[in-house]
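Undergrad: Going down the list, the sequences are from chains A and B. Sequential numbering from 2 applies to the first sequence in this note's numbering. Sequential numbering from 6 applies to the second sequence in this note's numbering.
I should point out that these hints are in silico values taken from the structure, not numbers from a laboratory. Certain hints may be false.
List time: in silico DSS-like cross-link candidates among lysine-lysine, alpha-carbon distance up to 27 Å [as the list claims (entries may be wrong)]: (1) A:K34 - B:K85; (2) A:K61 - B:K86; (3) A:K90 - A:K80.
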Amino acid sequence: MFKPLDKLLVNPVRLMLVSVLVKVDNCDFNYLKQITETTQGNLSIQLKKLKESGYISIDKSFENNYPKTRCSITKLGLKAFEDHFINLKNYQNLKL
Amino acid sequence: MKTQDQIQLINDTISKTKDNLKSSAPNFIFWGALITMMSVIHYIFPETIQKTQYSALLYWIIIPIIGMALTIIYNIKTHKKKGYETHIGRALKIIWGVFNMAWVLLIVISAIKHQNPVHSILFLLGVILLITGLLIRFNPITFGGLVVITCSILLVYSSSVSPILINGIAALLGLFFPGLALFYSKSNV
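All chains, please: the whole structure from these sequences, using the hints.
TA: This is the structure:
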């Protein structure tokens, strides 16, 4: 039985974000911007969507008077990524 | 996006985020060089280092604590520059952080009990190096750990060997040379 793909993770930027956060314990906003090669505004929007869905947690602080944003994946996000990846593999193996 | 494209995107993104544990090589090199030099100086000039009852203890506490402060500052700066911390990186940070506290505690306890802590510290160091080498899959550090453990066992069973000299040899072979190997390693560690 094929399950529908996660609508949140079908977006390429959000998929990249979650992929990075699966690999690392935590990372900052600048690193995510570097990896995803997207604009600051778009990155903020995508991170907000992932946070609202409970897939990631965001920690905001200040360093030398500059805002510092650190992100990490939640258990829910990890489960969602695993399910999404399994579903992708199932669709890939589908023989028509 | 097609399923194949999504899978490819996941693979490409994950492969971009490397563990980059080479940045920890200066820690091994620094500590290997420091402990080796301190051991050599203590071995050559014992009357100077052991001038008073507590001078050797202060020598072996104050200088390493200064070293710890320097490496902590270096590691914090490296971490900030990198922008991320991998799971292995975090595990190693915790392991070495606990080791730092443990060796200070061992020195304090040995000072109170008037015992030589060299074999205990070396054994602990050897175990931590072995764990590190196995975790990051880097054989020079794994072998370095085994060498240090061997040195600690040698100290237990051989009373004729100078603990200070063995300490220096262990630091050179277990920390300094593996650190250099990690620094110049071309593999994706």
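Undergrad: Please go over all the hints and tell whether each is borne out by the structure.
TA: Hint check:
{"no.": "1", "hint": "A:K34 - B:K85", "verdict": "holds, 15 Å"}
{"no.": "2", "hint": "A:K61 - B:K86", "verdict": "holds, 18 Å"}
{"no.": "3", "hint": "A:K90 - A:K80", "verdict": "holds, 15 Å"}
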